[in-house]
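Protein chains: 2
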Amino acid sequence: MAAACASMPMVSSCDQSKTVSKQPNIVFFLVDDMGWVDSSVQYGDELYPYNLRFNTPNMQRLSEVSAVMGNAYACPVSTPTRTSIMTGMNAAHMGITNWTSPMKDTPSDATGGGFAMVEGKADGNAAEGNVLGRPQWNVNGISPDPDVAYTQYCTPLVRLLKDEGYFTVHVGKAHWAAAGTPGANPYNMGFCVNIAGTMAGMPRSYQGMDRYGNTKELWNDFAVQNLDEYYDTPTHLTEALTLEALKTLEYPIAHKQPFYLYMAHYATHTPIQRDERFVQKYLDMGMDEGQARYASMVEGVDKSLGDIMDYLEAKGVADNTVIIFMTDNGGNSENKQKGGVPHTQNMPLREGKGSCYEGGIRVPLMFYWPKNTKAGKCDVPVTCEDLFPTILDIAGVKSPQTVQEVDGVSLVPLIREGEGVDPLRTLVFHYPHKWKPYDLEDIDFLSSARQGDWKIVYRIASGKLELYNLKEDIGERNDLSGEYPEKTREMAALLGEKLRGWNAPMPVVVSRGEPAPWPDML
Amino acid sequence: MAAACASMPMVSSCDQSKTVSKQPNIVFFLVDDMGWVDSSVQYGDELYPYNLRFNTPNMQRLSEVSAVMGNAYACPVSTPTRTSIMTGMNAAHMGITNWTSPMKDTPSDATGGGFAMVEGKADGNAAEGNVLGRPQWNVNGISPDPDVAYTQYCTPLVRLLKDEGYFTVHVGKAHWAAAGTPGANPYNMGFCVNIAGTMAGMPRSYQGMDRYGNTKELWNDFAVQNLDEYYDTPTHLTEALTLEALKTLEYPIAHKQPFYLYMAHYATHTPIQRDERFVQKYLDMGMDEGQARYASMVEGVDKSLGDIMDYLEAKGVADNTVIIFMTDNGGNSENKQKGGVPHTQNMPLREGKGSCYEGGIRVPLMFYWPKNTKAGKCDVPVTCEDLFPTILDIAGVKSPQTVQEVDGVSLVPLIREGEGVDPLRTLVFHYPHKWKPYDLEDIDFLSSARQGDWKIVYRIASGKLELYNLKEDIGERNDLSGEYPEKTREMAALLGEKLRGWNAPMPVVVSRGEPAPWPDML
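Protein chains in written order, with the working numbering: chain H, 2 to 523; chain R, 2 to 523.
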């Protein structure tokens with residue numbers, strides 16, 4: 002799909018005739034914070050030890066008929082990926098490179114630690130030389146309306162689908178925008194139905210007995226909405242959302258209307274809490290409490306996928322329903338709740354959520370389009386902004402009019418043929434932020450790009466460039482920048498060109514009062 | 002409509018052909034706690050002083066083309082009316098005679114005061130002779146699933162409409178059931194879309210700047226859900242709900258599907274808070290702060306009605322859209338927040354919300370069915386359980402299969418012709434509960450029935466019967482029971498027969514350990 006940038010008004014009415022065509026239904030099953038090796042599905046060249054720790058028969062079942070993308074990417078954190086899917090834009094292009102806070106106009110960037118602060122003033126602990134200040138970025142996320150401060154104005158994917166006749170259903174986590182802006186509301190994005198989607202990026206609790214956080218003791222902005230039916234019952238959030246999703250599909254199926262189900266689970270984001278249905282077997286396997294909790298949450302998600310697949314079959318619509326399975330960023334390896342040894346949970350990948358190393362950005366992705374899928378592994382690198390054109394292509398939306406410039410390309414040729422998308426595209430990942438109140442050298446202020454087997458990592462805080470060959474070194478252990486200075490410069494130029502062209506957010510170097518240099522301007 | 006009681010399974014799939022028929026759209030505009038005289042619309046034989054205090058041009062505009070029911074009734078409190086509309090049953094027949102608590106299995110009955118207590122044990126203040134204990138009632142409300150404790154099992158109105166091809170939209174207050182039961186969830190009732198409907202019977206706050214209660218300081222079970230977009234903006238809840246309602250209508254209108262919009266405003270329930278758009282004029286008129294706040298909330302509701310009417314016209318569907326305007330019980334006259342003099346706010350009617358005197362049960366009701374309405378006043382007594390068969394009749398649902406026995410009758414003949422419904426039906430109102438922690442003699446433990454111009458009031462606590470002639474004495478000031486003992490016995494028998502036949506909840510007389518007697522068994 003060619004990038005489209007038009008000022009034409011959005012089509013807001015639907016041609017009735019479109020609703021009776023053979024447009025496929027689409028289920029976009031998006032999991033939160035579940036890493037590349039956190040299931041029994043083999044996305045890599047081999048099965049890794051972590052793959053063996055998870056019981057995910059339904060993901061396995063789906064993978065057997067799917068085009069399984071072995072080199073699929075997302076952004077290092079949630080909102081950039083979710084907004085990228087909704088717009089087709091790279092996160093750095095949108096200026097949405099961090100998660101959106103529930104509060105309007107409020108950056109979520111952490112402060113403190115050794116090399117970061119906010120608003121151009123160094124904090125007490127910072128060493129003067131490498132102090133970086135918070136970048137200017139679109140802290141309010143995306144907006145379907147123009148002229149909303151600190152947002153990327155866009156024509157949302159779902160609005161285009163709705164205009165094309167799709168019955169569009171949102172279930173679970175939205176997290177595209179801050180409260181008090183139009184993008185916080187799934188209805189503004191084009192959803193016909195919204196269950197539990199808000200500005201929240203995590204649930205207050207997964208437990209029905211906790212009312213998902215809706216109690217005087219627990220409540221905060223992340224209490225999950227719309228699930229009163231399950232209060233005071235042992236229903237895990239993942240199960241409740243699945244049941245609600247299936248209820249909402251009854252209407253479009255009965256009316257023979259194509260549907261788009263955006264099944265965006267809150268799981269497996271923190272808080273890492275037991276899914277009581279599954280946890281015991283993992284404890285019996287010898288996992289620690291945190292590991293067992295996490296594995297039980299993954300299995301809860303797996304059951305949800307299976308229940309949806311079973312439902313589609315029972316309703317007789319499975320043959321005309323595309324299933325897309327994806328996660329929104331790498332597994333979280335920087336949280337004690339998950340047990341185990343921090344920063345190792347995505348092995349063989351380096352680091353995890355938040356990082357522009359592979360552990361933070363390489364994600365599960367598979368497509369099942371009945372009668373249109375070349376099942377098996379596909380290793381062409383693809384990324385989250387490709388979902389926008391891909392989904393529109395599947396839905397038969399030929400020339401979408403969008404106010405934004407789309408960066409992604411349709412992956413339909415890969416789904417159908419396993420080829421037909423340029424394997425040498427430059428994919429860009431950008432996290433010009435500080436994540437936690439303490440320093441995380443392999444997460445904070447990183448930027449990276451992949452082209453073919455090569456990957457450049459720009460450590461903005463130190464001004465250092467690293468070069469890796471992913472084919473030989475998926476774990477990014479051997480920095481080849483000294484050995485291949487020319488390739489390093491070439492890759493830095495590719496990354497720099499993209500970031501500069503998008504006017505990407507960059508942290509401010511406090512001592513100079515100006516943004517940190519582009520990677521090819523060091 | 003004949004009462005239907007069948008064990009046949011509910012029809013859960015929809016015939017596509019039905020969706021392209023000329024079924025009218027239906028907007029059911031239900032206001033909360035707004036009394037009979039709380040608008041400029043004349044429901045009585047004359048305009049009363051209170052009618053002059055409210056600025057409601059859109060209600061007026063609607064009334065000019067509507068069948069205006071001058072003798073329309075609801076239950077004394079919210080849940081019984083709302084569940085009655087959903088089932089077609091009288092509240093006493095359902096055993097749902099009080100509002101449902103957010104907590105499952107938890108009666109909302111008050112305790113304390115001079116003549117009431119809970120669980121069969123007198124409290125310290127109670128005089129032994131007339132101590133009444135809480136009745137057994139269906140404290141969890143209605144349920145679309147069988148075998149849920151303390152519920153009335155039912156085939157919900159909205160499920161029948163959905164099965165008939167309606168796109169069904171819930172906006173605002175639901176309050177049919179306690180949290181943790183299926184009836185708490187509008188999706189289970191047959192709604193395709195739910196905005197802000199929960200087990201809550203009131204909003205935590207009407208103010209967008211308060212996030213409608215979704216803040217650490219304010220939060221409780223009544224914080225309103227699904228409105229993140231309006232957080233930290235001055236958008237009044239009534240306005241936010243209206244905007245969301247109109248968004249959801251876009252889809253069925255575009256797809257030429259008939260829709261049922263249940264626009265159930267939280268206003269004008271407590272908390273009585275300013276609608277800043279309108280409050281100043283009422284202060285300028287000399288109202289006290291409480292009165293002005295309340296009047297501004299009513300005007301906010303009026304604007305909502307007008308905005309919806311304007312939208313329907315702009316979309317070209319007004320000619321095929323029925324509008325039903327109603328409120329759920331009498332105006333609240335027992336709350337200091339409303340200003341003025343308590344227990345006078347529904348003058349000329351006696352008492353207010355909670356009471357089986359006219360002030361608690363007589364409500365605004367009007368119907369506008371384009372090309373099918375005999376506009377003008379209609380004084381045949383009608384009541385809330387009539388809405389179920391009326392709405393199904395309008396929608397063309399000829400022989401609905403329901404698991405419950407329906408008590409109401411279709412009012413379509415009245416809408417079309419102004420006659421055709423028995424004006425001498427016995428209408429029954431039943432509140433066998435204690436409302437507040439202090440005694441309210443004209444509210445607590447009352448039961449009443451109307452037949453023609455006659456009304457019997459049974460004061461259960463004292464065992465006293467009162468008789469009124471509403472035609473001559475709309476204010477129920479002159480008890481005629483001494484003058485007309487035969488008529489009193491006749492009316493008591495009508496009321497007793499109904500209550501007994503329904504096995505209606507009755508409070509327990511503690512000294513005897515048995516239910517209070519039926520009114521014809523004194």
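The hints are simulated quantities; they were obtained by calculation from the structure and are not laboratory data.
A few of these clues could be false.
Because identical chains cannot be distinguished in the list, a pair is counted as satisfied if it fits within a single copy or across any two copies.
Claimed, not checked - Okay, derived cross-link-like pairs now, BS3-like style, lysine-lysine, Cα gap no bigger than 30 Å in a straight line:
#1 Lys-465 / Lys-378
#2 Lys-23 / Lys-257
#3 Lys-304 / Lys-282
#4 Lys-488 / Lys-248
#5 Lys-23 / Lys-437
#6 Lys-23 / Lys-217
#7 Lys-304 / Lys-23
#8 Lys-337 / Lys-217
#9 Lys-437 / Lys-372
#10 Lys-465 / Lys-316
#11 Lys-316 / Lys-257
#12 Lys-488 / Lys-282
#13 Lys-399 / Lys-375
#14 Lys-378 / Lys-337
#15 Lys-378 / Lys-437
#16 Lys-375 / Lys-337
Only a predicted model underlies this, so the values are computations on that prediction, with no experimental measurement involved.
Status of the hints after comparison with the structure:
1. Lys-465 / Lys-378: neither (35 Å within a copy, 82 Å between copies)
2. Lys-23 / Lys-257: Both ways: Lys-23 and Lys-257 sit 10 Å apart in one copy and 19 Å across, limit 30 Å.
3. Lys-304 / Lys-282: within (15 Å within a copy, 58 Å between copies)
4. Lys-488 / Lys-248: neither (54 Å within a copy, 53 Å between copies)
5. Lys-23 / Lys-437: For Lys-23 and Lys-437, the Cα distance exceeds 30 Å both inside one copy (48 Å) and across copies (59 Å).
6. Lys-23 / Lys-217: Answer is neither; intra-copy 49 Å and inter-copy 48 Å both fail.
7. Lys-304 / Lys-23: within (29 Å within a copy, 42 Å between copies)
8. Lys-337 / Lys-217: Result: close both inside a copy and across copies, 26 Å intra and 26 Å inter.
9. Lys-437 / Lys-372: Result: close neither inside a copy nor across copies, 46 Å intra and 65 Å inter.
10. Lys-465 / Lys-316: For Lys-465 and Lys-316, neither the intra-copy (56 Å) nor the inter-copy (60 Å) Cα distance is at most 30 Å.
11. Lys-316 / Lys-257: Result: close both inside a copy and across copies, 11 Å intra and 25 Å inter.
12. Lys-488 / Lys-282: Intra 48 Å, inter 73 Å, cutoff 30 Å: neither.
13. Lys-399 / Lys-375: within (22 Å within a copy, 51 Å between copies)
14. Lys-378 / Lys-337: neither (33 Å within a copy, 70 Å between copies)
15. Lys-378 / Lys-437: neither (36 Å within a copy, 67 Å between copies)
16. Lys-375 / Lys-337: Result: close neither inside a copy nor across copies, 40 Å intra and 70 Å inter.
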